[in-house]
Amino acid sequence: MSKEKRAVISLITDFGLRDPFVGVMKGVILNVNPSATIVDISHEVANHDLQEAAFILYSSYKYFPQDTIHLVVVDPGVGTARRPILVVGDKYRFIAPDNGVLSYIYREEPLKEVVAITSERYFLPSISSTFHGRDIFAPVAGWLSTGIDPLKFGEPVQDYVRLPLPDLVQPDDSTLKGAIIHIDKFGNLITNIDRATFERMMKSGSGRKFVLRVGGEEVVKLKETYAQGKKGELFLLFNSFGLLEITSYMRSAAGLLKLQRGDEVLIKFFP
Amino acid sequence: MSKEKRAVISLITDFGLRDPFVGVMKGVILNVNPSATIVDISHEVANHDLQEAAFILYSSYKYFPQDTIHLVVVDPGVGTARRPILVVGDKYRFIAPDNGVLSYIYREEPLKEVVAITSERYFLPSISSTFHGRDIFAPVAGWLSTGIDPLKFGEPVQDYVRLPLPDLVQPDDSTLKGAIIHIDKFGNLITNIDRATFERMMKSGSGRKFVLRVGGEEVVKLKETYAQGKKGELFLLFNSFGLLEITSYMRSAAGLLKLQRGDEVLIKFFP
Amino acid sequence: MSKEKRAVISLITDFGLRDPFVGVMKGVILNVNPSATIVDISHEVANHDLQEAAFILYSSYKYFPQDTIHLVVVDPGVGTARRPILVVGDKYRFIAPDNGVLSYIYREEPLKEVVAITSERYFLPSISSTFHGRDIFAPVAGWLSTGIDPLKFGEPVQDYVRLPLPDLVQPDDSTLKGAIIHIDKFGNLITNIDRATFERMMKSGSGRKFVLRVGGEEVVKLKETYAQGKKGELFLLFNSFGLLEITSYMRSAAGLLKLQRGDEVLIKFFP
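Protein chains in written order, with this note's numbering: chain A, 107 to 377; chain B, 107 to 377; chain C, 107 to 377.
Okay, chain A solo, but in the shape it has when bound (with noise of 0.2 Å):
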């Protein structure tokens, strides 16, 4: 990193934005390296949720500048025998606490090097069991930031956590099984189904239709746009991250539907 290019950090966390948790992990950063640029990503992961802070990590990574340090910190196992990694890929670098929060990077990014982080002079002086975020993960996140060789800072490690990522699975030629894995601020309802799968059991060309249940409803119409809709209708799009999307122009979905994450989604295709 030379010295004219700032490192960014960015932070995913369930820490909220009422608590001091944040706000004392950037001074930590910037007490290490004070011309880190520090972007949150999301404090509002609902508290211990892994798959929610892992699908945070996994649509929004690939936007940030080459050698952001992408740190997250969900952690329910603090102060527990779960060890703090830091995962170098091509592009950018990740560290958090080894419970399977980097499950999707582990699936999506060439790895170079998965290190277990041991390295105690990278850490605050006192280690409490109950705020590593402070006490570890941001001062690691610090000095990694100014340059230091990731394996300054532990050993390289092979059986780090990997954590079961929704299955999308084809039980046949014309199902298709997914499940919401995501509702975001507008009751949009994402689901694990990519286009390419969905495209290719559509057979585009074939004439194929296809009906998606979900809740007790179903669902044809897929659109381009949220504007597209009428206003109160269910339809679906494929979304800026590639996904199906359950929605409704100016209204929630999952007000619609009284769906919660993890709710299973059932595609039928026919002639």
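For the record, the hints were derived by calculation from the structure and aren't laboratory data.
Treat the hints with care, as some may be off.
[Unchecked claim] Negatives, chain B to chain A, calculated, CB over 10 Å: (1) Asp-120; (2) Gly-122; (3) Arg-213; (4) Met-356.
[To be verified] For lysine to any residue, the following SDA-like pairs were computed, each having C-alpha atoms within a straight-line distance of at most 20 Å: (5) B:Lys-291 <-> C:Asn-153; (6) A:Lys-168 <-> B:Leu-230; (7) B:Lys-329 <-> C:Gly-183; (8) B:Lys-258 <-> B:Tyr-198; (9) A:Lys-329 <-> B:Lys-258.
[Claimed, not checked] A few chain B residues facing chain A, derived, Cβ under 10 Å: (10) Pro-126; (11) Val-128; (12) Asn-137; (13) Ile-144; (14) Asn-153; (15) His-154; (16) Gly-185; (17) Thr-186; (18) Arg-188; (19) Leu-217; (20) Thr-236; (21) Asp-241; (22) Ala-244; (23) Ala-333; (24) Gly-348; (25) Leu-349.
Model, not experiment: these values are computed from the prediction.
Backbone N, C-alpha and C define an ideal beta-carbon position, used for all residues, glycine too.
Following the hints, complete the assembly by docking chains B and C onto the known chain A.
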């Protein structure tokens, strides 16, 4: 923009802070201009609420450093024919969807140029139909902040969209009809009645009195500070934006009156 | 402050993030000092809640870089005779209304100077009676961060306001009475009982036991980490601020106990 000066980009959206949308926009901006200073004004605009976003911009933009780029993404028409626009004022630049969210700016600022943004070279390579905040607005703001001429982004237009702003009506010499245009976190009800209009109708020194009617209640006391009121008592003051505000010391006037934004406010003046 | 070092200004307010207040303050600061790094600690302090703001500052300020300016604007008396003050400590500076919100600082820090801010040349040209965060506090913080001598802002005073902090009382050798001073996002109930006082009363090695009574419940287990508890079981730990905390693994202790900040906590020690 000299090399020494860091460009400021402010953000107003209805994206909330739980989803990754805002963080992603910041990543995109920093990827284009690593030295930009990004300042959040609000991301908690009610979904699709152009009036609220317009007011938040109106009440804040003047307090930023000269040359600040104010980026507003409240965009129910994302992906449709509505244009992205770039507005060059005397001291500030504004980027937003052309849906009227800049209407106060058109009323308040001398405009040098309104440009319909069309130059795809300043967009992300792949444009979704649902998240132009990421794909168009953020990179355009980033490039503009590096000093690129606004006219490189597209052609000047005259037919930009103006939103009808809440009316301040004066049916006769003793009546003023306005509206609640914002309710803040403290429950203060901010009206569109400005001090100059109010004082003109009061005919200062004439001994005129007034009564303000709102939601079935009458308010007649005008004070200077919140702390001059008794707890639970409704009164008025001209707030820091120069607008008449219905308030209550240490209480929520909105809670006491059960009013909403858009509700009418009537003032009768009498000798 | 050397030219190379960027000044850090932290912010604590009760302004929330929906209204433009915080963004406006940042605009004003950057207008004075474009190279300042502004860090949010919290803007979700409950309206007018000096005790909460005081605790949030107390638990965070030490983690920031030397010379950080901590700006706290929770200001129910805005526009009245209450003074704006500037406190110079050993390592940090603090700016706030003189309403006691800095009381923990007065207790914890060696004070070099407490200055009543009166020099209007560092204010905005026009001062409202309702938003001194924008008109006085932000520009003063901006100017202070450029290296101006604190004594240029006004005269030293001794009669600054101290807020009564929640008492930790020891009526006899086997009783400790404290209070809940903060409830965090996870529902952890943070008390004002510090580890040193607790251990002194436990007479480590003496075999003494204890029972903590709160809200009609008794809690007797003291653990090291959240994950050592069973879900739904209440237990205690000393948190990362060194304070006794009533908690429950993956559950909200506040929800289980239906307690509020300020509620009493009693510990009985017995042989």
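Comparing the hints with the structure gives:
1. Asp-120: About 8 Å separates Asp-120 of chain B from the closest Cβ of chain A, which leaves it inside 10 Å; violated.
2. Gly-122: 4 Å, violated
3. Arg-213: 26 Å, holds
4. Met-356: Holds, since 20 Å exceeds 10 Å.
5. B:Lys-291 <-> C:Asn-153: It holds: about 8 Å lies between the C-alpha atoms, which stays within 20 Å.
6. A:Lys-168 <-> B:Leu-230: 12 Å, holds
7. B:Lys-329 <-> C:Gly-183: 14 Å, holds
8. B:Lys-258 <-> B:Tyr-198: 17 Å, holds
9. A:Lys-329 <-> B:Lys-258: 33 Å, violated
10. Pro-126: 4 Å, holds
11. Val-128: 8 Å, holds
12. Asn-137: Holds, about 5 Å.
13. Ile-144: Nearest chain A Cβ about 8 Å off; hint holds.
14. Asn-153: At 6 Å from the nearest chain A Cβ, Asn-153 of chain B passes the 10 Å test, so the hint holds.
15. His-154: 6 Å, holds
16. Gly-185: 3 Å, holds
17. Thr-186: Holds: closest Cβ of chain A sits about 5 Å from Thr-186 of chain B, inside 10 Å.
18. Arg-188: OK, holds: Arg-188 of chain B within 10 Å of chain A, min 8 Å.
19. Leu-217: 27 Å, violated
20. Thr-236: It holds, given that the least Cβ distance between Thr-236 of chain B and chain A is near 5 Å, below 10 Å.
21. Asp-241: Nearest chain A Cβ about 7 Å off; hint holds.
22. Ala-244: At about 9 Å, which falls below the 10 Å cut-off, the nearest Cβ of chain A leaves the hint on Ala-244 of chain B intact, so it holds.
23. Ala-333: 25 Å, violated
24. Gly-348: Nearest chain A Cβ about 30 Å off; hint violated.
25. Leu-349: Status violated, d = 28 Å.
In the structure shown, a violation is registered for the earlier hints numbered 1, 2, 9, 19, 23, 24, 25, in ascending order.
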